[in-house]
Amino acid sequence: MADLNLRRVSKRFGDVTAVAEIDLEIAHREFVVIVGPSGCGKSTLLRVIAGLEELTTGEIHVGGEPVHRTPPAKRGIAMVFQNYALYPHKTVAGNMGFALRMAKVPGPEIERRVIEAARILQIEDLLERKPRQLSGGQRQRVAIGRAIVREPKVVLFDEPLSNLDAALRVDMRVELARLHGSIDATMVYVTHDQTEAMTMADKIVVLREGRIEQVGSPMTIYHHPANVFVAGFIGSPRMNLLPGTVRATADGAVTVDVAGGLRITVPAEATGIAAGDPVTLGVRPEDLAIGPDPQGTAFDLDVYVIEPLGGETILYGQIGGQIEERIEEHDAGRLEDRAGGARTLVVKTQGGATVRNRQRVPVRVVPEVCHLFDRAGVALPRPAGAGDVTPPETEAEEPERMQGEKLR
Amino acid sequence: MSRDANQAVATPEGNPDPQPVSIRRNPLTTAVILAATFVVWTFLVFPAVWIFVGSFKTNETMFSATAFTFTLENYATIFRVGFGRFIFNSLFICLVAVVISTFVSVIASYVFSRKRFRRKRLLFGAVILGQLFPWIILVTPLFIMFARIGLLNSHAGMIFSYVAISIPFSVYLLVGYLETVPRELDEAAVMDGCSQFRIIWTIIFPVMLPGIVATATYAFLLMWTEFLFALAFLTRTSLKTMPLGLAQFFGEQSIDWGAIMAASAVTTLPALVLFLPLQTKLSAGLTAGSVKG
Numbered sequence: 005m006a007d008l009n010l011r012r013v014s015k016r017f018g019d020v021t022a023v024a025e026i027d028l029e030i031a032h033r034e035f036v037v038i039v040g041p042s043g044c045g046k047s048t049l050l051r052v053i054a055g056l057e058e059l060t061t062g063e064i065h066v067g068g069e070p071v072h073r074t075p076p077a078k079r080g081i082a083m084v085f086q087n088y089a090l091y092p093h094k095t096v097a098g099n100m101g102f103a104l105r106m107a108k109v110p111g112p113e114i115e116r117r118v119i120e121a122a123r124i125l126q127i128e129d130l131l132e133r134k135p136r137q138l139s140g141g142q143r144q145r146v147a148i149g150r151a152i153v154r155e156p157k158v159v160l161f162d163e164p165l166s167n168l169d170a171a172l173r174v175d176m177r178v179e180l181a182r183l184h185g186s187i188d189a190t191m192v193y194v195t196h197d198q199t200e201a202m203t204m205a206d207k208i209v210v211l212r213e214g215r216i217e218q219v220g221s222p223m224t225i226y227h228h229p230a231n232v233f234v235a236g237f238i239g240s241p242r243m244n245l246l247p248g249t250v251r252a253t254a255d256g257a258v259t260v261d262v263a264g265g266l267r268i269t270v271p272a273e274a275t276g277i278a279a280g281d282p283v284t285l286g287v288r289p290e291d292l293a294i295g296p297d298p299q300g301t302a303f304d305l306d307v308y309v310i311e312p313l314g315g316e317t318i319l320y321g322q323i324g325g326q327i328e329e330r331i332e333e334h335d336a337g338r339l340e341d342r343a344g345g346a347r348t349l350v351v352k353t354q355g356g357a358t359v360r361n362r363q364r365v366p367v368r369v370v371p372e373v374c375h376l377f378d379r380a381g382v383a384l385p386r387p388a389g390a391g392d393v394t395p396p397e398t399e400a401e402e403p404e405r406m407q408g409e410k411l412r
Numbered sequence: 222m223s224r225d226a227n228q229a230v231a232t233p234e235g236n237p238d239p240q241p242v243s244i245r246r247n248p249l250t251t252a253v254i255l256a257a258t259f260v261v262w263t264f265l266v267f268p269a270v271w272i273f274v275g276s277f278k279t280n281e282t283m284f285s286a287t288a289f290t291f292t293l294e295n296y297a298t299i300f301r302v303g304f305g306r307f308i309f310n311s312l313f314i315c316l317v318a319v320v321i322s323t324f325v326s327v328i329a330s331y332v333f334s335r336k337r338f339r340r341k342r343l344l345f346g347a348v349i350l351g352q353l354f355p356w357i358i359l360v361t362p363l364f365i366m367f368a369r370i371g372l373l374n375s376h377a378g379m380i381f382s383y384v385a386i387s388i389p390f391s392v393y394l395l396v397g398y399l400e401t402v403p404r405e406l407d408e409a410a411v412m413d414g415c416s417q418f419r420i421i422w423t424i425i426f427p428v429m430l431p432g433i434v435a436t437a438t439y440a441f442l443l444m445w446t447e448f449l450f451a452l453a454f455l456t457r458t459s460l461k462t463m464p465l466g467l468a469q470f471f472g473e474q475s476i477d478w479g480a481i482m483a484a485s486a487v488t489t490l491p492a493l494v495l496f497l498p499l500q501t502k503l504s505a506g507l508t509a510g511s512v513k514g
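Those protein sequence lines, which keep their order, are chains A and B.
For this note's numbering, add 4 to where a residue sits in the first sequence, where the first one is 1.
For this note's numbering, add 221 to where a residue sits in the second sequence, where the first one is 1.
Okay, chain A solo, but in the shape it has when bound (with noise of 0.2 Å):
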């Protein structure tokens, strides 16, 4: 078994905190993602891990034994870097049993387990070359080759394919999602997209500055985010935020006015508000529907942007007039906070749309699918199974795309 603990670990560069007490418990052959922003401490978090910082205070447990004053190499952890970091004088073969050899390991062993894990990566044809003969896919495979081949308890991923294109991120992500079922080990991943995230992860840790801001299954962390923040991290396009203030409170029940004069009850629990309290309403662009809404729950939008992507199409608008200005101010690129802007709504619908720019549409909005955050951006707890109300046509379309990812 090889579980991963971390006990309230801490790192610190004399001042800075990069990570804070963080707890987190790793189930035997997860597959965990950690994201966040840049800066947020997950390189750092996955370094403390493979021992290559030693960390300020906490401890590290692998199946059960404290590793934390551990060296690296005998941590049973294996690392894959964002730059490969392959010995470029050695052949892909002497990579691959290098740790290996450090070990001990008797020749014809290293050579039996090289060869297998180079059968698993596709790469045996590869394994005399040297790393500079060979392209960027191919050297991240060898990369994932030598962690592999020590068949240590854990492998560490710091970013494996942002060096990649992007045609070839997609092929290597269902890979590691292969091979993640193929080898008996926990993987680590770290990244700050978060597709790759959403597409690979058992579970997803989401990161900002050293702290841990939610902890979950993917489809936990779209449905039921625990705050703002990761509201707004996890999802593309992001979430709309919309400020609004607390009308009137119910048994389960918050109404809201929102931006362009719309009210809506969301049904969540109004522990610590009252009426009057400013809140946040979120709700995804994917959610949200071009049409009238016969219970009158719809926005009017200005639409200013469209792009068209074949399959759909997201519309760009603003809740309201000033239309002219909005639409300067996205070609200049300004407009990068768009789901934070007060009254710009980002709208994602099917690919056959027949919006026009500059025209004026409704959008439906359905109370159950929205979120609710406080002054502070943590949400407000949802009633019992109201959170997984999704429309009906993304609830049918949600899981088929998340499998179509993997299987691909």
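Derived by calculation from the structure, the hints in this document are not laboratory data.
Yeah, the Cβ is synthetic: ideal placement off N, Cα and C, and Gly gets one too.
Any given hint could be a false lead.
To be verified - Estimated spans, in silico, between C-beta atoms of each pair:
(1) ARG340(B) to ARG182(A): 48 to 56 Å
(2) ARG123(A) to LYS336(B): 36 to 44 Å
(3) LYS341(B) to GLU58(A): 14 to 22 Å
(4) ARG116(A) to LEU353(B): 51 to 59 Å
(5) PRO403(B) to ALA31(A): 55 to 63 Å
(6) GLU25(A) to LYS341(B): 25 to 33 Å
Dock chain B against the given chain A, drawing on the hints supplied.
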């Protein structure tokens, strides 16, 4: 036909030649550059050629532009008076000194490049400072020191001083080179179970070999032609190095030009043999090192 026409339009000068048009220099500029190169080349190469040819001439025809009498007598002379011993002394001192200096410099540069420790900048500055002293200043203190500890007239003393003078610039060059070697290589080696010493010698050393070769060659050539320390610290003939041996042929009464030519040729030869095959690595190594210092 139409493709040719298209390409003719595409070339900036309207040149119908389908070959891509390269940037051409003004013919005059080319001529000036060639002439300048030729002048420099003449001053650099002519003396070497003149010495080489002269070493096979008899003393009678030595300074004649037309007459040439081939002889090996000059080489016979220098080896008869013990020049072979000087060659051995030089080779021994320089090779041992280069090996020691390189060994120390590789480890020192690794520490300077990779380790965090207090007063690192100060210490590195102190190492570099060693490069700034004119050697002549060092002769007297070193002489007194060597006299007291019995290192005058010894190979060990020469090796010691050559190691000392070559370490500062070797460390400087190698630290610059190491900055271009990604740290992840070290970390991968740590994960693979290498000891600190092993990382340096099995991973970093091969990777930075071009830089090491460049640095070691430079150090070797510096020691090979060193005259001042050798003159001060070596008085016993059997211990003398080649530059001193060469100087011996400038007698007070007469100068044996033939012997000087032959000795000069012999002195140049190892440097050439060592330098030419490494030329490309040398320039690559020095450039890579110069990116960051």
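For each hint, the structure was consulted:
1. ARG340(B) to ARG182(A): 48 to 56 Å: Between ARG340(B) and ARG182(A), where Cβ atoms are some 51 Å apart, the hint holds.
2. ARG123(A) to LYS336(B): 36 to 44 Å: holds (40 Å)
3. LYS341(B) to GLU58(A): 14 to 22 Å: Once the Cβ atoms are compared, 19 Å apart, the range 14 to 22 Å for GLU58(A) and LYS341(B) holds.
4. ARG116(A) to LEU353(B): 51 to 59 Å: Check passed, 57 Å falls within 51 to 59 Å.
5. PRO403(B) to ALA31(A): 55 to 63 Å: violated (33 Å)
6. GLU25(A) to LYS341(B): 25 to 33 Å: holds (31 Å)
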